[in-house]
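Protein chains in written order, with our numbering: chain A, 11 to 122; chain B, 147 to 263.
Rather than coming from a laboratory, the hints here were simulated on the basis of the structure.
Every residue gets a Cβ at the ideal spot worked out from N, C-alpha and C, and that includes glycine.
Heads up, some of the hints might be wrong.
[Stated by the list, open to error] Calculated lysine to aspartate or glutamate pairs in the DMTMM-like style (CA-CA distance at most 20 Å, straight line):
id	chain 1	residue 1	chain 2	residue 2
1	B	K187	A	E89
2	A	K52	B	D211
3	A	K68	A	E89
4	B	K210	B	E251
5	B	K160	B	D173
6	A	K81	A	D27
7	A	K67	B	E251
8	A	K68	B	E251
9	A	K67	A	E25
10	A	K52	B	E168
11	B	K166	B	E198
12	B	K187	A	E49
13	A	K68	A	D37
14	A	K68	A	E93
15	B	K212	B	D234
16	B	K212	B	E168
17	A	K32	A	D94
18	A	K32	A	D59
19	B	K201	B	E233
20	A	K78	A	D37
21	B	K187	A	E15
22	B	K210	B	D234
23	A	K67	A	E89
24	B	K187	A	D94
[As the list claims (entries may be wrong)] In silico negatives: residues of chain B with every beta carbon more than 10 Å from chain A:
id	residue
25	V157
26	I158
27	K187
28	L192
29	T195
30	G207
31	P232
32	E251
33	L263
[As the list claims (entries may be wrong)] Computed, partial: chain B to chain A, Cβ under 8 Å:
id	residue
34	F180
35	Q188
36	R243
37	Q252
38	P256
39	G257
40	T261
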Amino acid sequence: GENVEQHPSTLSVQEGDSAVIKCTYSDSASNYFPWYKQELGKRPQLIIDIRSNVGEKKDQRIAVTLNKTAKHFSLHITETQPEDSAVYFCAAQLSWGQNFVFGPGTRLSVLP
Amino acid sequence: GAVVSQHPSWVICKSGTSVKIECRSLDFQATTMFWYRQFPKQSLMLMATSNEGSKATYEQGVEKDKFLINHASLTLSTLTVTSAHPEDSSFYICSARGGGAGYNEQFFGPGTRLTVL
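Just chain B, with the same shape it has in the complex (with noise of 0.2 Å):
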């Protein structure tokens, strides 16, 4: 199956900083990424969809200057979350779908760690 890859696996930052996660299709070019946030023993919260070359779609009650999201190429988006603060303590995951009418399944990252102190 198709590989993504997310960076870091896991990082702990202060109160106020700001964390950028990403995620890479490795094998594949992928028009869309998702990403989800997981609470621990918890389902997947999608909180945005983005598509290759144009702005990201919000789920509703996620705040979009807070988490900002960037797919600037086909193996590339990216989720930097501003002036991070405890509660935005999660583990954060991406799953990019390639492009085309014959692609519909996801494949997912391995998930990144956020703790924030």
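So here's chain A without its partners, still in its complex pose (with noise of 0.2 Å):
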């Protein structure tokens, strides 16, 4: 089946620097590659994602950039800012309606 893996599994970078999520998957034939934002406590939340036909996408402060070739689509976050500090999950999904397989995460802290 599908694996997901997570680099780095913690990250601290200082307020206004940009943060870098690597993720790599296994199956090529996976399609769909969402990030979720978890803070302490609270739901994971759907951030940004990007389909298997795209190589970039952005939306404001984070962008998601996927290269099918070696199976790896990362997270770029500009501009960080302390409300950013949270857990980030990548996840990978073979087809349409089907579940998620996650990566392990990485704890973002964004220090003041």
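Make the complex out of the two chains shown on their own, each in a separate frame, by following the hints.
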């Protein structure tokens, strides 16, 4: 089955700096890659996603890039703010409507 | 976005008892609901997928007789942890997906923290 790896497991950045989280997936048939943010004690919430027919997608300070050949995708957060501190999970999906396979998560700390 | 609720938000029970957790989609019909288990500082591990009106599909290693899942309506799925033991203590979280070909996003519930003494 699909396996998703995520690095780094923890990341600390100074406020205003950029943060990059990288994920790799094993099944080349996966075609949808969402990113979720989970604040302490709260539910995961979708922040951005990308389909396999797109190489990059941007939404204000966050962007996601996808390299299908290498089977990896990355989350980029620019101008980080303290409220960006959370655990971020990447995920991969084999086909529409099926379950997501989540990566192990990255704990991002934005230091003031 | 769509709203998913879970009840209870936390529960403490004695070893050997059964606990039922409800997952409700409040403002949409969820043809598919997913149940995850999350240990502290770890990822979301899929336990099972349930489709309204049919039996749940369990992931490898998940005991279906221990974790009973019922998805009797388009807005409600339940997870019953039977004969709970301390090792079942965890954070259980559901997600719901709307019906139809146009729906793929999963909306998560707030989770239920189960502590088995």
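Notebook entry, point to check: CA of K212 (chain B) to CA of D234 (chain B), is that 20 Å or under?
Noted result: holds (10 Å)
Item checked: Pair hint outcome, K68 (chain A) versus E251 (chain B) [Cα-Cα no greater than 20 Å] -> Judged against 20 Å, a Cα distance of about 18 Å means the pair holds.
Check: Does the structure keep K210 (chain B) and E251 (chain B) at a Cα separation of 20 Å or less?
Finding: violated (26 Å)
Next item on the list: Report holds if the minimum CB distance from E251 (chain B) to chain A is greater than 10 Å, and violated otherwise.
Entry: The claim breaks: E251 (chain B) does not keep its Cβ more than 10 Å from every Cβ of chain A (closest is about 6 Å).
Check: Are the Cα atoms of K78 (chain A) and D37 (chain A) separated by 20 Å or less?
Finding: Holds - the C-alpha atoms of D37 (chain A) and K78 (chain A) are around 10 Å apart, at most 20 Å.
Note to self: Need the status of pair K187 (chain B), E89 (chain A): alpha-carbon distance at most 20 Å?
What the structure shows: violated (26 Å)
Check: Does D27 (chain A) lie within 20 Å of K81 (chain A) when you go C-alpha to C-alpha?
Finding: violated (27 Å)
Next item on the list: Identify whether the interface hint at Q188 (chain B) stands, where standing means a beta carbon of chain A within less than 8 Å of its own.
Entry: holds (7 Å)
Check: Is K201 (chain B) within 20 Å of E233 (chain B), Cα to Cα?
Finding: violated (25 Å)
Check: G207 (chain B): least C-beta distance to chain A exceeds 10 Å?
Finding: Holds, since 12 Å exceeds 10 Å.
Check: Quick one, are K32 (chain A) and D59 (chain A) close enough, alpha carbons at most 20 Å?
Finding: Cα-Cα ~14 Å, so holds.
Notebook entry, point to check: Is the Cα-Cα distance between K52 (chain A) and E168 (chain B) 20 Å or less?
Noted result: holds (17 Å)
Comparing the model with each numbered hint stated earlier shows that hints 1, 2, 4, 5, 6, 9, 13, 19, 27, 28, 29, 32 and 40 do not hold.
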